[in-house]
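Number of protein chains: 2
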Amino acid sequence: MSISSSSPALPRTLIRNLPQFEGQRVRLLGTLHTRRNLGGLQFLVLRDRSGTVQAVEQHLDLPSPESSLELWGTVVRAPKGGLEIQVEGLNTLSSAQTTPLEIPKLALVHQATALDWRGLTVRGLRERAILKILAAVLRGFRAALDAEDFTEISTPKLVSAGAEGGANLFALDYFGQAAYLAQSPQLYKQMMLGAFERVYEVGPVFRAEPHATSRHLNEYLSLDAELAYISSEEDVMELETRVLGRIVQEVSGCAAELDLLEAKLPEVPAQIPRITVADALELLRREYGYTQAGPDPDHEAERLLGEHFARAGSEWVFLTRFPASARPFYTYPEGEETRGFDLLFRGTEITSGGQRIHDYEQLRAATERSGLEASLQDYTEIFRYGMPPHGGFAIGAERLTALLLGLGNIRLARAFPRDCHRLTP
Amino acid sequence: MSISSSSPALPRTLIRNLPQFEGQRVRLLGTLHTRRNLGGLQFLVLRDRSGTVQAVEQHLDLPSPESSLELWGTVVRAPKGGLEIQVEGLNTLSSAQTTPLEIPKLALVHQATALDWRGLTVRGLRERAILKILAAVLRGFRAALDAEDFTEISTPKLVSAGAEGGANLFALDYFGQAAYLAQSPQLYKQMMLGAFERVYEVGPVFRAEPHATSRHLNEYLSLDAELAYISSEEDVMELETRVLGRIVQEVSGCAAELDLLEAKLPEVPAQIPRITVADALELLRREYGYTQAGPDPDHEAERLLGEHFARAGSEWVFLTRFPASARPFYTYPEGEETRGFDLLFRGTEITSGGQRIHDYEQLRAATERSGLEASLQDYTEIFRYGMPPHGGFAIGAERLTALLLGLGNIRLARAFPRDCHRLTP
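For the record, the sequence lines run as chains B and R. Under this note's numbering, the residue at position 237 of the first sequence is numbered 281, and the numbers go up by one with no gaps. Under this note's numbering, the residue at position 40 of the second sequence is numbered 84, and the numbers go up by one with no gaps.
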């Protein structure tokens with residue numbers, strides 16, 4: 045049998061839909077994932093956006109892996125089970141040179157090297173599955189808030205001052221003025237409550253922090269929500285619990301990706317446990333003999349608390365009533381403490397949130413104490429003109445994704461990660 | 045009757061839901077939009093995220109407009125028709141000082157002043173309605189592409205080189221390296237096709253163009269899509285037509301906002317007319333006596349073409365086969381012309397798109413000619429390893445929104461616009 049290069053007039057079939065075509069002729073488009081010659085037969089694996097399939101023929105003259113192919117043939121049951129394609133013909137749409145890394149064997153490649161070649165290694169089955177899950181996280185976040193009548197907003201990334209002061213800001217020249225990249229949409233999302241009551245944003249934030257850890261990125265996607273007419277931070281925690289439930293539900297729809305990544309999704313309980321920071325630190329001292337210096341639970345404290353609550357049945361725990369010294373100026377005070385909270389998931393902080401100050405005089409006093417008064421005037425001024433009680437939260441999308449999937453490194457949850465040593469590709 | 049300050053144990057009712065509660069007691073939360081005293085009666089208009097309603101009582105002691113209120117009373121038919129609230133009591137949740145501008149009368153305020161006070165003026169009914177429509181544009185864009193199996197991506201905004209060269213880039217220091225703000229996700233979205241075949245992104249882009257016109261922003265939201273396995277730019281134009289249809293459908297769901305803005309939505313024909321740039325310039329010469337210097341239709345040419353095709357029944361027209369001199373290096377050549385296109389809507393360009401070069405050698409030659417070769421190596425290199433034929437497009441979200449609503453100025457379609465004179469609020 046000779047191989048044809050004249051493709052049949054068939055619509056394209058996606059690999060995931062092949063079970064509907066057993067015994068029939070199909071036309072596929074995709075990338076040559078692997079090829080090998082076995083006992084005179086050519087075996088290839090074709091990869092498209094929906095999956096992979098093996099294809100077989102005797103006389104194939106195959107280009108290098110990663111070439112783009114159009115391929116047609118009959119869907120048959122493979123000797124070892126599953127479906128394969130008995131190839132009748134193929135065209136090379138774009139032929140690849142020999143790749144510096146084998147896409148099917150990225151598990152063997154050093155992570156830094158894989159990131160250097162990210163434009164290519166993003167094609168890996170695991171690599172792309174992770175980014176599919178990230179997209180599902182974003183979809184779930186938006187769906188939850190759309191259903192609760194939130195308005196999506198887009199706040200400026202070019203700003204004249206930072207929400208948390210001048211530290212950790214990237215600076216640039218903006219037509220002769222000093223500008224910065226927004227480290228958070230915090231101040232803008234609060235201002236927009238006067239118009240919309242309930243707002244959210246999915247957008248990049250920028251942190252000029254000079255560390256390169258497995259938990260931090262210098263540019264990441266922040267999932268921000270803010271809502272008015274709350275009674276306390278309790279309303280914010282309840283909202284976040286619903287949002288997380290919806291995110292996990294959306295991610296659970298990515299069955300093939302979760303399978304491939306061997307990920308086990310968490311339950312989101314109707315009521316996530318809460319513990320005050322003071323009680324948490326006391327618990328750690330008493331039950332784990334762990335003491336720390338600062339008022340803000342450190343990484344090890346978070347890890348221990350995560351384990352403690354996981355044993356009690358929840359992979360999530362809200363740390364509430366943060367001390368004022370560990371919170372930004374806009375946090376609503378509650379005696380010596382605040383109505384600020386963190387959410388730990390699997391022993392790592394994924395959220396800061398809380399009720400915010402809405403009273404103008406109180407906010408002005410807080411900005412004065414913070415030393416940021418002058419640069420915050422556009423923001424503070426709005427509170428002169430009536431601002432309802434409100435609060436909100438922010439989730440780091442890549443960090444949540446990395447923890448959901450049990451990835452050791454947050455960089456894998458971002459297409460082209462930026463750390464203090466990495467600005468390319 | 046004396047006014048109560050102890051609120052009844054009723055759930056909150058949104059103003060848009062009041063018709064379901066005629067004759068019943070309700071509890072409302074919102075902002076004091078206006079107040080006046082007429083013949084001994086106090087009239088107020090309350091505004092919440094869903095609408096406005098008039099409320100009446102004799103003995104009200106009202107705070108300043110823009111104060112946040114909790115208000116309760118009975119829903120009655122107003123003497124002049126419609127529903128109003130017979131107030132039984134209210135609480136001031138947050139009291140406003142006298143505002144520098146009257147929110148119900150922003151039409152009388154100079155636009156620059158309104159933008160200086162944007163954190164406050166965004167509360168205006170028209171102002172917030174525009175941003176609601178922008179949110180619907182984003183929803184429609186995503187819904188159209190989700191339905192066609194596209195993957196949402198998030199590409200870096202901190203980059204080492206620009207997609208269109210060094211001009212018009214904001215520069216910054218990134219831990220000792222020269223970095224720029226991405227003027228487009230172009231190169232990254234192309235690279236990701238090897239993994240996903242079909243990608244989209246909704247994200248900010250940054251243009252350091254020193255103009256301050258009614259059509260340009262220095263930071264705006266770009267709606268980017270890119271898809272593989274196309275036959276020509278025709279597939280891209282067909283995709284964009286479906287996407288625009290879905291966007292207009294989503295926007296048409298915002299009936300109250302469209303009413304308020306007196307906006308008339310366009311039809312999106314199943315087949316948007318196409319004309320080549322050469323034919324368009326010839327048409328303008330012949331029928332309108334209009335000639336221009338450059339190869340790229342200028343603003344006046346766009347306006348005339350918009351009118352011409354509107355008379356023939358379409359508010360949209362694709363300008364195809366742009367000359368290579370008017371297109372970026374990655375555009376797929378077609379003789380002396382290219383497979384690049386623009387889309388005009390109501391006489392203004394809202395999209396650039398086209399088929400891209402996918403062949404490595406061809407791309408390398410194009411980058412060499414462009415003089416950008418060195419800075420594009422991370423990108424070009426990926427094409428060595430097989431890249432299917434592909435193309436895509438980008439729509440400026442704020443520009444589309446402004447044109448859909450007939451706004452004279454694109455700044456009104458962005459929450460906190462940035463132009464070369466405006467970095468605050």
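Treat the hints as calculated values from the structure; they're not laboratory data. Beta carbons are placed, not taken as given, at the ideal position from N, Cα and C, and that holds for glycine. Warning: the hint list may mix true and false statements.
Among the chain R residues that face chain B by a calculated CB cut under 7 Å, a handful are [as the list claims (entries may be wrong)]:
#, residue
1, V166
2, R172
3, A173
4, Q221
5, P432
Here are the in silico distance ranges between beta carbons for each label pair [what the hints assert, rightly or not]:
#, chain 1, residue 1, chain 2, residue 2, range
6, R, P317, B, E311, 51 to 57 Å
7, R, R56, B, H154, 54 to 60 Å
8, B, E311, R, A300, 38 to 44 Å
9, B, S414, R, G452, 37 to 43 Å
10, R, D342, B, P310, 52 to 58 Å
Hint check results:
1. V166: holds, 5 Å
2. R172: holds, 4 Å
3. A173: violated, 10 Å
4. Q221: holds, 5 Å
5. P432: holds, 4 Å
6. R:P317 x B:E311: 51 to 57 Å: holds, 54 Å
7. R:R56 x B:H154: 54 to 60 Å: holds, 56 Å
8. B:E311 x R:A300: 38 to 44 Å: Given range 38 to 44 Å: holds, Cβ gap about 39 Å.
9. B:S414 x R:G452: 37 to 43 Å: holds, 40 Å
10. R:D342 x B:P310: 52 to 58 Å: holds, 57 Å
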